[in-house]
Amino acid sequence: MDILILLLALFVLSLFLGVELIVKVPPTLHTPLMSGTNAVSGITLVGALLAAGSDTSPMLVNVLGFLAVTFATINVVGGYLVTNRMLSMFKRK
Amino acid sequence: MSPTVVNLIYLIAGILFILGIKGLTKPSTAVRGNQLSSLGMLIAIVVTLLNAEVVNFTYIIAGGVFGAAVGAFMALRIQMTSMPQMVALLNGFGGGASLTIALAEYFSVLNVDANSFAELLVPVALSSDAFGEGGEGQVTLISIGLTILIGAVTLVGSLVAFAKLQGLIKKNIGLPGGPAGNALLLLGAVIALGCLVISPNQAVTVITLVALALLLGLFLVLPIGGADMPVVIALLNSYSGLAAALAGFILGNTVLIIAGSLVGTSGLILTKIMCVAMNRSLGNVLFGKMAAAGEKIDADEIYAGKVTSAQPDEVAMMLEVAKRVVIVPGYGMAMAQAQHAVRELADSMESRGIEVEYGIHPVAGRMPGHMNVLLAEAEVPYDKLVEMDRINPTFEDTDVVIVIGANDVTNPMAREAEGSPIYGMPILNVDKARNVVVIKRSLSPGFAGLPNPLFAMDHTLMVYGDGKKAVVEMTTALNQS
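Protein chains in written order, with our numbering: chain U, 1 to 93; chain R, 1001 to 1481.
Just so you know, not all the hints are guaranteed correct.
Straight-line distance between alpha carbons at most 20 Å, and here's what the computed EDC-like set of lysine to aspartate or glutamate pairs gives [claimed, not checked]:
#1 R:1022 x U:20
#2 U:24 x R:1344
#3 R:1272 x U:55
#4 U:24 x R:1383
#5 R:1323 x R:1344
These aren't lab readings, by the way, just hints derived from the structure by calculation.
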């Protein structure tokens, strides 16, 4: 239970940090913010790798892991690339 | 690699995500921020791959290569006008990833090697602490259940949002009973979740939960119309982050919790900004219709005999003598792909010494910041894109406002007509300018279904036709004079 409390504390503090950070993002960058956070939420790839890569699990788990890896990789690759594409348009003057 | 080192590296990844979002607070630091964030992602992935638990690389390589190809193709080929569709899909895949991780986690504990669907439904013998001892086991099961619920709603809801934005689904259909039907689905899902916690050895509880959550996602978004999409996309963005954070609780993984809650708050804040900009509550956007007007407003009565139309060259003559012009874009500019033409018109005006700015309403377009991205694509400097609160006081000193493809966000009824469905919504006060030019296909109403008295004002000129063509003709006429 101790660990759970720590995780919960991390969750709540991250929420507050999120609010402080996000309110400072100007409306001009709201679309890149959304695609950029899409990429960040691709961090689930970490969990997906653990599910897809275990050797002892039944087939069903590996298939679910494969789907999870696919979804998360689309988010990571697609999210960062499209955000970069948009932001480099904002950069030039 | 020891768990301590792995967790320290996850912490570094978390810090890089935070610095990445911090970079997005200024356009000049944004590209660098995005790079820092992707660096954090890279080290988190590499350190996970070195983990001793990851031994079977077949599925990882297959999923990774396929996902990377799809992601790169989408990111490099998508048109800027279709960015809302892209973000909707990414939201959905984020939800899908969390959903499948939670299911994988559940079935790996259950450890059934089922060859058919029926075999899956047979209860299995499970020790009481299979998901963790006592309270911990229940917390894990609740996390699994909530991740499945939110992940599945996000997946299907986002796919429906994508289909609507892409024009594949045109009707706004809801469950009979509307919100009540959705409430029943949610209640059923919560009951299934409760059953899962009480008897985790029965996979039928999880399968029921998945089915109900998928239906809930479908019927939550199906009834919602096009112009409310900014709110829906922002909200689903928040859900996808929340699902990732919950998956972090299942796996006891810190970086998932940090990243997921950052995404969750980001989506939530954008949702709130969009709701405030429409003067509607979140509940009203999700479940309500636009309030029907107390008395039907007769469009003919407002427009009859009062609307003046003009040709593009007449507008050009007006622009010639102007000192300050404000361009107000809306979804129609995206539809007509007119952003480059608009930029050229602005260039032509600026070369004559006319001051040009753009007035951007927060809900213009189909997602937060949609207009800004389109105009950035057309190489309009971002400091010319002015937010509603800052542009509104300047309209009185503006000679000409050009409204292109925007309607409801300029409707003065929002300011003046008490009892009107949009009364109280903050608008761009374009009617305060000396002259207003509205480029529009016809006098048809916007999403709110209301006539716009702006079109009938004495100082308003209507230019009918395709947005791009009209703007190009104005530029040509202006260049020739």
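Taking the hints in turn, this is what the structure says about them:
1. Proximity of residue 1022 of chain R to residue 20 of chain U is assessed by CA-CA distance (about 10 Å); at most 20 Å being required, the pair is judged to hold.
2. For the hint pairing residue 24 of chain U with residue 1344 of chain R, the CA-to-CA distance comes to about 32 Å; that exceeds 20 Å, so the pair is violated.
3. Between the alpha carbons of residue 1272 of chain R and residue 55 of chain U the distance comes to roughly 45 Å, so the proposed pair goes past 20 Å and is violated.
4. Note on residue 24 of chain U and residue 1383 of chain R: the hinted pairing holds, with a Cα-Cα distance of about 16 Å set against a maximum of 20 Å.
5. Proposed proximity of residue 1323 of chain R and residue 1344 of chain R is supported: the alpha carbons are some 17 Å apart, at most 20 Å.
Of the numbered hints given earlier, the model fails hints 2 and 3; all others are met.
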